[in-house]
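*Asks:* Each chain, written out:
Number of protein chains: 2
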Amino acid sequence: MDDTLLHIDEALPGGGTARLSDERPADIVEVLNTLSAEKAAEVMDGFAPERAIEVLDLPGLDDAAEIVGHLPTEKAVTLLQGLSADRLTDIFHDLETPARDSLIDRLDADTRDSLNRLLSYPEQSAGSIMTVEFVSVPGNWTVQQTLDHIRKVESTRETVYSIYVLHPVRKTLQQAVTLRRLISGDPDAPILSVAARRTPITISPLASREEAARLISKYDLLAIPVVSRTGHVLGIVTVDDVIDEIVKSGTEDAQRFGGVEALQEPYLRTGFGEMIRKRAGWLSVLFLSEMLTASAMQYFETELEKAIVLTLFIPLIMSSGGNSGSQATSLLIRALALGEVRLGDWWRVALRELPTGLLLGAILGLIGMCRIFLWQHLGFYNYGPHWMLIALTVSAALVGVVTFGSMAGSMLPFILQRLGFDPASASAPFVATLVDVTGLVIYFAVAATILTGTLL
Amino acid sequence: MDDTLLHIDEALPGGGTARLSDERPADIVEVLNTLSAEKAAEVMDGFAPERAIEVLDLPGLDDAAEIVGHLPTEKAVTLLQGLSADRLTDIFHDLETPARDSLIDRLDADTRDSLNRLLSYPEQSAGSIMTVEFVSVPGNWTVQQTLDHIRKVESTRETVYSIYVLHPVRKTLQQAVTLRRLISGDPDAPILSVAARRTPITISPLASREEAARLISKYDLLAIPVVSRTGHVLGIVTVDDVIDEIVKSGTEDAQRFGGVEALQEPYLRTGFGEMIRKRAGWLSVLFLSEMLTASAMQYFETELEKAIVLTLFIPLIMSSGGNSGSQATSLLIRALALGEVRLGDWWRVALRELPTGLLLGAILGLIGMCRIFLWQHLGFYNYGPHWMLIALTVSAALVGVVTFGSMAGSMLPFILQRLGFDPASASAPFVATLVDVTGLVIYFAVAATILTGTLL
Numbered sequence: 001m002d003d004t005l006l007h008i009d010e011a012l013p014g015g016g017t018a019r020l021s022d023e024r025p026a027d028i029v030e031v032l033n034t035l036s037a038e039k040a041a042e043v044m045d046g047f048a049p050e051r052a053i054e055v056l057d058l059p060g061l062d063d064a065a066e067i068v069g070h071l072p073t074e075k076a077v078t079l080l081q082g083l084s085a086d087r088l089t090d091i092f093h094d095l096e097t098p099a100r101d102s103l104i105d106r107l108d109a110d111t112r113d114s115l116n117r118l119l120s121y122p123e124q125s126a127g128s129i130m131t132v133e134f135v136s137v138p139g140n141w142t143v144q145q146t147l148d149h150i151r152k153v154e155s156t157r158e159t160v161y162s163i164y165v166l167h168p169v170r171k172t173l174q175q176a177v178t179l180r181r182l183i184s185g186d187p188d189a190p191i192l193s194v195a196a197r198r199t200p201i202t203i204s205p206l207a208s209r210e211e212a213a214r215l216i217s218k219y220d221l222l223a224i225p226v227v228s229r230t231g232h233v234l235g236i237v238t239v240d241d242v243i244d245e246i247v248k249s250g251t252e253d254a255q256r257f258g259g260v261e262a263l264q265e266p267y268l269r270t271g272f273g274e275m276i277r278k279r280a281g282w283l284s285v286l287f288l289s290e291m292l293t294a295s296a297m298q299y300f301e302t303e304l305e306k307a308i309v310l311t312l313f314i315p316l317i318m319s320s321g322g323n324s325g326s327q328a329t330s331l332l333i334r335a336l337a338l339g340e341v342r343l344g345d346w347w348r349v350a351l352r353e354l355p356t357g358l359l360l361g362a363i364l365g366l367i368g369m370c371r372i373f374l375w376q377h378l379g380f381y382n383y384g385p386h387w388m389l390i391a392l393t394v395s396a397a398l399v400g401v402v403t404f405g406s407m408a409g410s411m412l413p414f415i416l417q418r419l420g421f422d423p424a425s426a427s428a429p430f431v432a433t434l435v436d437v438t439g440l441v442i443y444f445a446v447a448a449t450i451l452t453g454t455l456l
Numbered sequence: 001m002d003d004t005l006l007h008i009d010e011a012l013p014g015g016g017t018a019r020l021s022d023e024r025p026a027d028i029v030e031v032l033n034t035l036s037a038e039k040a041a042e043v044m045d046g047f048a049p050e051r052a053i054e055v056l057d058l059p060g061l062d063d064a065a066e067i068v069g070h071l072p073t074e075k076a077v078t079l080l081q082g083l084s085a086d087r088l089t090d091i092f093h094d095l096e097t098p099a100r101d102s103l104i105d106r107l108d109a110d111t112r113d114s115l116n117r118l119l120s121y122p123e124q125s126a127g128s129i130m131t132v133e134f135v136s137v138p139g140n141w142t143v144q145q146t147l148d149h150i151r152k153v154e155s156t157r158e159t160v161y162s163i164y165v166l167h168p169v170r171k172t173l174q175q176a177v178t179l180r181r182l183i184s185g186d187p188d189a190p191i192l193s194v195a196a197r198r199t200p201i202t203i204s205p206l207a208s209r210e211e212a213a214r215l216i217s218k219y220d221l222l223a224i225p226v227v228s229r230t231g232h233v234l235g236i237v238t239v240d241d242v243i244d245e246i247v248k249s250g251t252e253d254a255q256r257f258g259g260v261e262a263l264q265e266p267y268l269r270t271g272f273g274e275m276i277r278k279r280a281g282w283l284s285v286l287f288l289s290e291m292l293t294a295s296a297m298q299y300f301e302t303e304l305e306k307a308i309v310l311t312l313f314i315p316l317i318m319s320s321g322g323n324s325g326s327q328a329t330s331l332l333i334r335a336l337a338l339g340e341v342r343l344g345d346w347w348r349v350a351l352r353e354l355p356t357g358l359l360l361g362a363i364l365g366l367i368g369m370c371r372i373f374l375w376q377h378l379g380f381y382n383y384g385p386h387w388m389l390i391a392l393t394v395s396a397a398l399v400g401v402v403t404f405g406s407m408a409g410s411m412l413p414f415i416l417q418r419l420g421f422d423p424a425s426a427s428a429p430f431v432a433t434l435v436d437v438t439g440l441v442i443y444f445a446v447a448a449t450i451l452t453g454t455l456l
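As they're listed, the protein sequences go chains H and Z. Residue 1 is where the first sequence starts when you use the numbering used here, and the numbers rise one by one after that. Residue 1 is where the second sequence starts when you use the numbering used here, and the numbers rise one by one after that.
Excised from the complex, chain H in its bound form (with noise of 0.2 Å):
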C-alpha cells in the first residue's frame, strides 16, 4: 500500500506528504483512498488544517469516518467543525459510538445543533443531504444590500449562486435570485425587481434523494430549496451533490440489475465475507427457485425418457426466453426511473411487447428450423424419423417462451413499482429464473401437443 505514496513522493522531487498536501483536494482524494484508513488518517494530520478539511469535505473520500476515527481527537474535532453541513452528517451517519459521541459532545453548540437536525432526516432524503450553508435574505432589501451580505458570508456558504428571498416578517421563502441577474440589476433596486417571475422550484425534507437529482437536472438549476411545510427554507440541495447522487444510484442500479446488492464500497475496498454476503443470498434465493426447473424435468420424465432428443434444445429454448426478458426489463426499468413511462401505461407496454416478443420469437424459431435442417441434411446429426415435427415443436416453442420472456420481463417492473419496490429490484437472473421455470413448462406443453402419437 505504501507503494503509492512512494510513487507519488517520486513523481513530485522535494517529497514526502508537504508535497502530496499541495495537490487538488480531489487528487489527494484519489491518494488516499489507496491507502489504509489508520495510513491515510496519519498522512491528513501531517496537512494543515485547512488543507485537510477540503480533502475531508469531498463526498469521494471513501472510509471518511474512519479516518476521522484514527485522528487525535482534538485534531478531528478542528476539522469536523470546518467541514459543510451535509458532508459533517454523512460523516456523522457512518461513525461508530462510542467516537460518535464523544466528538458530537465536543463540537460547538451551532454545529451540533445543525448536526442532530439534518441526522434526524431518514437516509434516503433529500433533507439528508441538504447543506445549511445558503444565502437568504429578506424580501425588502435592496440589491446592493444583498452583494454586500454575499461578500461578507461568501467563504462561509457552499453556494452564493442562488440567493433565497424571505419575507421580511414570516421568514417564508418568496422567491429565489440567482447572483447573474443580482450583479446586472441596478443596485439601488428592490431585491424582487431582479427575481424571476415564477415561484421557485423547492422539494420537500422528506422527498427522495432521486426527486432532488430529478428537479436540478429537470430544471437545469444550480441549488434547490428544501422549504419545510410552513413554507420555510430548510437547506439548499446543489448540483454538485446530485452528480454525486446520480452516479451513486446509477451504480447500484446497475449491480442490483446483476443480481448483487448495492455494494457501500468499491470494488477492491470491499472486504471478502462482505462480498460474498452482497452475492449469495440473491444467488441462493435463484438457486431454490431455479429448482423448480428440476421439479418440472421431473414431471415431464417420462416424455424425457421416450424422446431424449428432446433435450438437446433445453437451454437454447430456456435461454432465449431469459434473453428477450432481460432486454424487456433493462428497457423497462430505464423508462419508468426517467419517467418516459409511468406506472399507468403497464397496458400500452403490454400491447407492444405481445407482437414484439412473437416478432422476436418466430425470427429465432426461424433461426432454429433452418439449423435442425441443415443438421439433418448435412448428416451432422440424425434427429431420427421425425425430425420435421422436432423442428416444428423447438419453432413454435421458441415463439411461445420469447414472447412469454418479453411479456414476463417488461411487466415485472410495473409489478415492483405497483408494489411499493423500486423496479430497479429486478433484476437480469431473476427474470432469466421466472422465464426458465414457465419456458420448460411451454416447451413440454408444445411437445405433448405436436409429438403425441409419433414420438411421444
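If you are wondering where the hints come from, they were derived from the structure by calculation, not from laboratory data. Only true hints are included.
Same chains, same label: a pair holds when it works inside one copy or across any pair of copies.
Here are the computed lysine to aspartate or glutamate pairs in the EDC-like style, where the Cα-Cα straight-line distance is at most 20 Å:
1) 218 with 54
2) 248 with 210
3) 218 with 265
4) 218 with 27
5) 75 with 54
Take the given structure of chain H and dock chain Z to it, following the hints.
*Replies:* For chain Z alone, kept in the frame of chain H given last:
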C-alpha cells in the same frame, strides 16, 4: 394525441396554447414530448419567439430537429439564431438535408461560422457538446472592469459563474476566476489577484464527453474550458450538459447490459421496426452461440441416454453459472467505468474472484446436495441406487460452474477494454451464454469422473 393538449387546457382555465406558453420551459417540453413533431411545431409557432427559443434550447425536447423542420422557414431561422451554440449544433447534427443546407445558409455569418466549427468535432467528443458563449477577459484587467464586462454580456452567455482570464497578448488561457471570488474582491485589484492559485483544469476538444463529465464531477466544477493544443479556449462544457450526459450514458449502459442496443429515443417513442432491430440482432447472435449447447449435448448423448437423471439438473447448474457471471460482470463494468479498478488490476480481481467463486459455488453445492438428500429421503423422487453419487456430481459441478462463471464474468470487461471496446458492452445475456456452454462441458466432465463404472 390531442388529448394531452386538451388536458393541459382544462387544467389551466383560460385554455389554449397561450396558457401553455406561461408554464416553465421544462414543463412545456414535457407536454410537447407527448405530441407528434408536426403538432409540436404548430404549438411552438404560436409561442412568442423568446419563449419558443427557451423551449427549443432544452436538450430534453425530443425530435427538436423534426420540429424545426415543420416550422415555417422564416420562424425556424429566427429561433435557431437565438439558441445557444451547443444546442444549435445538437439540432443540426440531427437535421436532414436538404432542410439542413437551406437553413444553414440563412443563418447570420457569425452563427454559421461557430456552427460549422462545432459541427466539425466528432459526435462523442467534448468539442461537440461545448458552447462558445462564455466570458473571457484579458489578464491585465481589474476586478471592476471584469464585473462591468459581465454585466454587459450576461444575457448572451450560457454561464457567467466561471470567467476565463486570457494572456493579454497571446490570448491563451492563464487562469479561471469564479464569480463568487470576483464579487468579493477589491474592485481596483488586478483580476489575476482573485484567481485560483492552481492552473485551471481543462479538457481537449477531442476528449470524450464522458471524460468531461468525469472531470466536472471530480473537481466539482460548474464548467470546464475546452482548450486547443495552442492553449486557446475554444469553448466550455457546463455542468447541466454533463448531467444530461451522465443520465444518457447510464441509460445506454443499462440497456446494453440487458442485451439491447442503446435506443435513441424513449421507449414509447421508439417505432416497432426500430425496436425489433435493436433487439433482434443481439438476440440472434446469442441464439447462434447458445446453439453450441445443443452440440455439446449431442456430444454427450450416450451419457444422457444412460443416465437421464442427469438432465434434470442441467437448467439448474447452467443458470447458476450464468447468474454468478452476471453478478461479477455488473460489478466490474461499474468499477471500471468509475475508475475504481484499472486495466492493470485484472490479476487482483482474478485473485479475488477465484476464492469468491469457489465459496459461492460451495454454498450452492451444499444447498443442491441437501435438496437431493431431502427429496430422496422424503420420497418426493427416487434418484436411483446411486443417488449419493449423483448428489456429489451435482455439488461438484456447481462449484466448478459458479467458479468459472465468476472468473469469466469478471474478466470479460477487462478483455473488452483491452481490445478497445467499451467494457459496458458486456451484457448479462452474453455472459450467461458464454458460461452456459462451458457449464455443460464442466457438468458432463464431472459426471464422467464421478459416475463412470456405476451409472455411466
